[in-house]
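Asks: Turn these sequences into a full structure, and let the hints guide you.
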Amino acid sequence: MTADRLSLVFGALADPTRRAILTRLTEGEATVTELAAPFHVSQPAISRHLKVLETAGLISRTRRATARLSHLEAEPLREVTTWLARYQRFWDESHERLDDLLAALQAENDSPGRGTADRARGDDDEQD
Amino acid sequence: MSKTKITAEPGIPQIVITRDFDAPRDLVFRAYTDPQLLVQWLGPRDISMTIDRYDVRDGGRWRYIHTDPQGNEHSFHGIFHGTPSPEAIVQTFEYEGVPGHVMLDTTTLEEHGGQTLVRTVSSFQSVADRDGMVAAGMERGVVEGNERLDEVLAKLQAS
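Residue numbers (our numbering), protein chains in the order written: chain A, 1 to 128; chain B, 129 to 287.
FYI, nobody ran anything at the bench for these hints, they're computed from the structure. One or more of the hints may lead you astray.
As the list claims (entries may be wrong) - Coverage of chain B stretches by chain A, computed from C-beta distances (three or more under 8 Å per stretch; other residues unrestricted): (1) 146-158; (2) 222-236.
Claimed, not checked - Stretch-level coverage of chain A by chain B, calculated; a stretch enters the list once three of its residues show a Cβ under 8 Å from a Cβ in chain B: (3) 6-14; (4) 50-56; (5) 101-110.
For clarity, every value in this text was computed on a predicted model and none was experimentally measured. By construction, the Cβ of each residue, glycine as well, lies at the ideal position given by its N, Cα and C atoms.
Replies: Okay, here's the thing in structure tokens:
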């Protein structure tokens, strides 16, 4: 996904109403009337949200008789969550390791000589 | 649920990372600035980290290499701006795989009730840089499970 496309998807996802619309569409296609029903906003407002989602590639729209149906397009969402998941995973895992290290360092301070954090030796000569 | 909170606002070239640690501020500061401690936690578990230099002072340079299980090396370097302290660790950050795209990171440590809140604001040169470079810089052989779409949406809803 290009950076521009990613920005479009992020922009589209930034709005709670649009996220709720996407959630509704995971259950299946829906008309504008159906999508507007749970919200206290007008159908034209919902239509504008749908336009933003369509531009971002998050939904596609087809006509059936007089109704216009919206469908979820999962791929851009998958790509954007992959992007975030990578970054999140990097920091989650780093911070979990830091939790362990901090616990070991504190245990060492509490009971000198037991040396639970041998790897961290050599820090005692540092002046705080 | 993840304790590390990452915020990436649309249209703003920044990422904000916050995390609480169950340790006093001085200790967390040491873990962030002592290279012997840093190598023990920075990066996913399957990555080994080698520090080339880590000169924690105003104008001091740092450089480290992350090696993934496939043997791919990813190097990063930057410079500290101002004397690093728990009030602020300010540094530039550049992924050598994408030279010329520099981030400015400001990390602050705040102690409250025996816990330390670490907040890092990463500023990119542009939104495109943030979106593109982070994806490139964070590749490192990380494989994520196939989350089910409804779970992802639920998470987005909750955020």
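Asks: Evaluate each hint against the coordinates.
Replies: Checked hints:
1. 146-158: Result for this restraint: holds, n = 8.
2. 222-236: violated (count 0)
3. 6-14: holds (count 6)
4. 50-56: violated (count 0)
5. 101-110: With 5 residues closer than 8 Å to chain B, the region 101-110 of chain A meets the three-residue bar; holds.
Of the numbered hints stated above, those contradicted by the structure are hints 2, 4, listed in ascending order.
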